[in-house]
Amino acid sequence: MEAQNYESAQMIEVHGDLPTTEINLGGSKICGGAACGFSDAGTSSKDAKERSASMRKLLMAVVLCIVFMSVEVVGGIKANSLAILTDAAHLLSDVAAFAISLFSLWASGWEATPRQSYGFFRIEILGALISIQMIWLLAGILVYEAIARLIYDTGEVQGFLMFVVSAFGLVVNIAMALLLGHEHGHHHGHGVDEHGHSHEDHVHGHSHGISIATNQHHHHHHLGSSQDNDQHYHTQESDQSEPLLRTYSGGEAKMKDGPKQNKQRNINVQGAYLHVLGDSIQSVGVMIGGAIIWYKPKWKIIDLICTLVFSVIVLGTTIRMLRNILEVLMESTPREIDATRLEKGLCEMDEVVAIHELHIWAITVGKVLLACHVKIKPEADADMVLDKVIDYIRREYNISHVTIQIERQ
Amino acid sequence: MEKSNSFKYQTREANWQHPWTGDFGFAASDRRYTYGRQSSFNHQSGKPHSTISVISNEKLNPLLSRTVSSIDVPPEIYSDDYESESIFETAKGSNKDKKALSVLHSVISIFGVVRSGKRQMKRLLIMIWLNVVYSTAELGIGLFTGRVGLISDAFHLTFGCGLLTFSFLAMAASRKKPDRVYTYGYKRLEVLAAFTNALFLLFMSFSTAVEALHAFIQEVSEHKHYLIVSAVTNLLINLIGVWFFRNYARISLVYRKAEDMNYQSVCLHVLADSIRSAGFILASWFLSLGVDNAKVLCLGLVSVAVFMLVMLLFKSTAGILLQMAPPSIPSSALSKCLRQVTAREDVSEISQARFWELVPGHVVGSLSVQVKKGMDDRPTLQFLHGLYHDMGIKVLTVQTEYD
Chain P
1 MEAQNYESAQ MIEVHGDLPT TEINLGGSKI CGGAACGFSD AGTSSKDAKE RSASMRKLLM
61 AVVLCIVFMS VEVVGGIKAN SLAILTDAAH LLSDVAAFAI SLFSLWASGW EATPRQSYGF
121 FRIEILGALI SIQMIWLLAG ILVYEAIARL IYDTGEVQGF LMFVVSAFGL VVNIAMALLL
181 GHEHGHHHGH GVDEHGHSHE DHVHGHSHGI SIATNQHHHH HHLGSSQDND QHYHTQESDQ
241 SEPLLRTYSG GEAKMKDGPK QNKQRNINVQ GAYLHVLGDS IQSVGVMIGG AIIWYKPKWK
301 IIDLICTLVF SVIVLGTTIR MLRNILEVLM ESTPREIDAT RLEKGLCEMD EVVAIHELHI
361 WAITVGKVLL ACHVKIKPEA DADMVLDKVI DYIRREYNIS HVTIQIERQ
Chain L
1 MEKSNSFKYQ TREANWQHPW TGDFGFAASD RRYTYGRQSS FNHQSGKPHS TISVISNEKL
61 NPLLSRTVSS IDVPPEIYSD DYESESIFET AKGSNKDKKA LSVLHSVISI FGVVRSGKRQ
121 MKRLLIMIWL NVVYSTAELG IGLFTGRVGL ISDAFHLTFG CGLLTFSFLA MAASRKKPDR
181 VYTYGYKRLE VLAAFTNALF LLFMSFSTAV EALHAFIQEV SEHKHYLIVS AVTNLLINLI
241 GVWFFRNYAR ISLVYRKAED MNYQSVCLHV LADSIRSAGF ILASWFLSLG VDNAKVLCLG
301 LVSVAVFMLV MLLFKSTAGI LLQMAPPSIP SSALSKCLRQ VTAREDVSEI SQARFWELVP
361 GHVVGSLSVQ VKKGMDDRPT LQFLHGLYHD MGIKVLTVQT EYD
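So the protein lines, in turn, are chains P and L. Quick note: the first sequence uses the working numbering, first residue 1, plus one each step. Quick note: the second sequence uses the working numbering, first residue 1, plus one each step.
Don't read these hints as lab results, they were simulated from the structure. Treat the hints with care, as some may be off.
What the hints assert, rightly or not - What follows is a list of derived Cβ distance ranges for each label pair: (1) L/Asp376 x P/Asp391: 22 to 32 Å; (2) L/Ile108 x P/Arg335: 51 to 61 Å; (3) P/Leu315 x L/Leu213: 23 to 33 Å; (4) L/Gly140 x P/Ile313: 34 to 44 Å; (5) L/Phe203 x P/Ser52: 38 to 48 Å; (6) L/Leu236 x P/Leu92: 31 to 41 Å.
To be verified - Computed list of lysine-lysine pairs in DSS-like fashion (alpha-carbon distance at most 30 Å, straight line): (7) L/Lys394 x L/Lys372; (8) P/Lys344 x P/Lys375; (9) L/Lys122 x L/Lys315; (10) P/Lys377 x L/Lys315; (11) P/Lys377 x L/Lys373; (12) L/Lys177 x P/Lys375; (13) P/Lys300 x L/Lys224; (14) P/Lys388 x L/Lys336; (15) L/Lys394 x P/Lys344; (16) L/Lys122 x P/Lys375; (17) P/Lys388 x P/Lys344; (18) P/Lys375 x L/Lys372; (19) L/Lys315 x L/Lys394; (20) L/Lys224 x P/Lys388; (21) P/Lys377 x P/Lys388; (22) L/Lys177 x L/Lys122; (23) P/Lys375 x L/Lys315; (24) P/Lys344 x L/Lys224; (25) L/Lys372 x L/Lys177; (26) L/Lys373 x P/Lys388; (27) P/Lys300 x P/Lys78; (28) L/Lys394 x P/Lys377; (29) L/Lys336 x L/Lys372; (30) P/Lys375 x P/Lys388; (31) L/Lys177 x L/Lys394.
Even for Gly, the Cβ is constructed at its ideal location relative to N, Cα and C.
The shape of chain P in the complex, shown without the other chains:
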């Protein structure tokens, strides 16, 4: 029933295997309260690809980290230096943060169960929260170590060693940052990506056969020298994506002006990137402190000041991501959706009298749900209004998981 309505409302619909459509719809409709997967088959395969790409990146970063850490541990034991061992411990914390991000990425792909009816996407957010807490913890530990150094210093030897060790740590961190944050300049493309997700939820419900990855086409240009896996994935997409893209005016408007969409990069990779960035900033701080102590052993206090300043900088970089995480966890309206405009747009429809209990919230960055009560005129056809409203929301805001309760006045 749903299929026919949508077919009549949409102008362009790409139909794959029709028999599959029926089966797919049947399977997804009768849930009986049990697990009704949050994403349909098509979205989840695209999700899975993106997820495995991110996981591969993180895995490489972890391996790199472990290699460097073992080098440092061996060197530290041989040289019997506490500073080197401390730095190795910091790299260990990096490994822990990456492990958490990897686990969150992997876990967010689990199938929805009756207990977790929305799937496991939230685990990403919690994992990111945990790794940010670790960043804060490590900043505190570093400040403590700076104070301990202040009290316990032994002069020049300490300074030189500090400088060398932190320089090494900086190089390692920069290497990992490059590895992880590869699409930093191309977030524009990724913003496009995320909006495409919900778009595809809708399309895939009805046309199972074709894998439509609408925006990968655009995305393709923006990725400069990205990994081969991503490129490979993009070339698989069909060219039917282009015309489909043009009809979604609202979505496209969002895609074109994407300066603020860098948060759409997978949040766990972003968290790991922040972690590494924070570490490199702090390595710079320790390097400066070490250089100063080496040069002028009398000015020990500068080391502490340096460390404090750089720790504050690191904490500052995490604030934005923390805010995003907090907003998702508090079930607030996502920033990219203007609730007032949505409400106004809905009220402008003829049969709609009022909207209340409008709740828009995100299960993770990029996956948005909406629930509201719509009051309509007594003589209006509820079915038609429902379809209009759902269509409007999907078209304009790309929110596909919508629950509307129609009430008559």
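Mind docking chain L on chain P? Use the hints.
Same frame as chain P, but now just chain L:
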């Protein structure tokens, strides 16, 4: 199914369902339980009435009565819970000077809230001040005399203070009304604060284990006296905190409201801190008695104890934050509901039923029913809302589709 209105809200008409209220002769207008009686009642009864609600001025939520049709007039669930005016208007487009002003507003409002606020908040504030004073003193003395052990302890305490402050801010902020951006209100902050506390305790347990390992590798011989003094003071301060929050000093608690999680997390925080200090004191005593590996043993015990203490809280807060199906509503009850609904003759099927807990005790759900064409959906809707309301799901959005 436990009706959640029995504990949380007092009415003017002393609508008590507690059997013991009459015994203690509480007047209807006296809104506070005394802790001593409540805790003794806890131990006697096996019923899950284990939480206290120190309610200062909350009015009864009228929509807990079932006569209100939640279909025609959607319930304004939050409007009666809050006394304070919403300070943040449409917060989305605020510019810089508005932000500064709103920060000032929030600071002033926090003072106002504390003055009129619940007893627990005041106690928490006292705890925080004690901790801040003590950790600053410790830091100062440590810096002055050059003792690193004191400084590390001071840092640990500072982290703890920061967390307690976050819990406190969450308590203060959760009273705000829901606004445009935070459509479900701010009560989730309490769950978040509880989660952060639990996370910190897990970190602490892990770091204590690392310390034990360290002590195992490097044989530590003597304990400095000043560290013992600081541990004793720390223990005393934390025991005060445990006393303040003694009703929440349980590992597994039935959560009735959002604040329960927050209070329990604060209590477990101070409890874990006191266990840590006690472990330290015990280790130095054993060392003085000549027991080898005393530090390793004690620290290991501390680590295991804190871990076990906090694991359940961590799991329940994580469950809420992960939008898990509410643990208080068994899935058999949910499927029974669904069967009841599908048994009606005008409903052909029901799908996409999802429920999640915003805060403990407040369940939100959404589902979609297919109704046979031509039939009026209102009786079905009313039936649905009533049915789920009975189960405790007060906010429900039902999408009806016609065949």
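Query raised in the report: CA of P/Lys388 to CA of L/Lys336, is that 30 Å or under?
Result: Violated - the C-alpha atoms of L/Lys336 and P/Lys388 are around 33 Å apart, more than 30 Å.
**Report entry** CB-CB spacing for L/Leu213 and P/Leu315 relative to the 23 to 33 Å hint
**Finding:** holds, 29 Å
Query raised in the report: Is L/Lys177 close enough to P/Lys375, meaning Cα to Cα at most 30 Å?
Result: Given that 30 Å is the threshold and the Cα spacing comes to 24 Å, the pair holds.
Query raised in the report: Quick one, are P/Lys377 and L/Lys315 close enough, alpha carbons at most 30 Å?
Result: Judged against 30 Å, a Cα distance of about 46 Å means the pair is violated.
Query raised in the report: Are P/Lys377 and P/Lys388 close enough, with their CA atoms no more than 30 Å apart?
Result: Roughly 14 Å separates the two Cα atoms, so the pair holds.
Query raised in the report: Given the hinted pair P/Lys375 and L/Lys315, is their alpha-carbon gap at most 30 Å?
Result: Between P/Lys375 and L/Lys315 the Cα gap is close to 40 Å, so the pair fails against 30 Å, i.e. violated.
Query raised in the report: Is L/Lys315 within 30 Å of L/Lys394, Cα to Cα?
Result: holds, 24 Å
Query raised in the report: Is P/Lys375 within 30 Å of P/Lys388, Cα to Cα?
Result: Holds - the C-alpha atoms of P/Lys388 and P/Lys375 are around 14 Å apart, at most 30 Å.
Query raised in the report: Is 31 to 41 Å a correct range for the gap between the Cβ atoms of L/Leu236 and P/Leu92?
Result: Given a distance of about 35 Å, which is inside 31 to 41 Å, the answer is holds.
Query raised in the report: Regarding the pair L/Lys394 and P/Lys344, is the alpha-carbon distance no greater than 30 Å?
Result: holds, 27 Å
Query raised in the report: Can the restraint linking L/Lys224 and P/Lys388 be considered satisfied, given a maximum Cα separation of 30 Å?
Result: violated, 75 Å
Query raised in the report: If you draw a straight line from the CA of P/Lys377 to the CA of L/Lys373, is it 30 Å or shorter?
Result: holds, 19 Å
Of the numbered hints stated above, those contradicted by the structure are hints 2, 4, 5, 10, 14, 16, 20, 23, 24 and 25, listed in ascending order.
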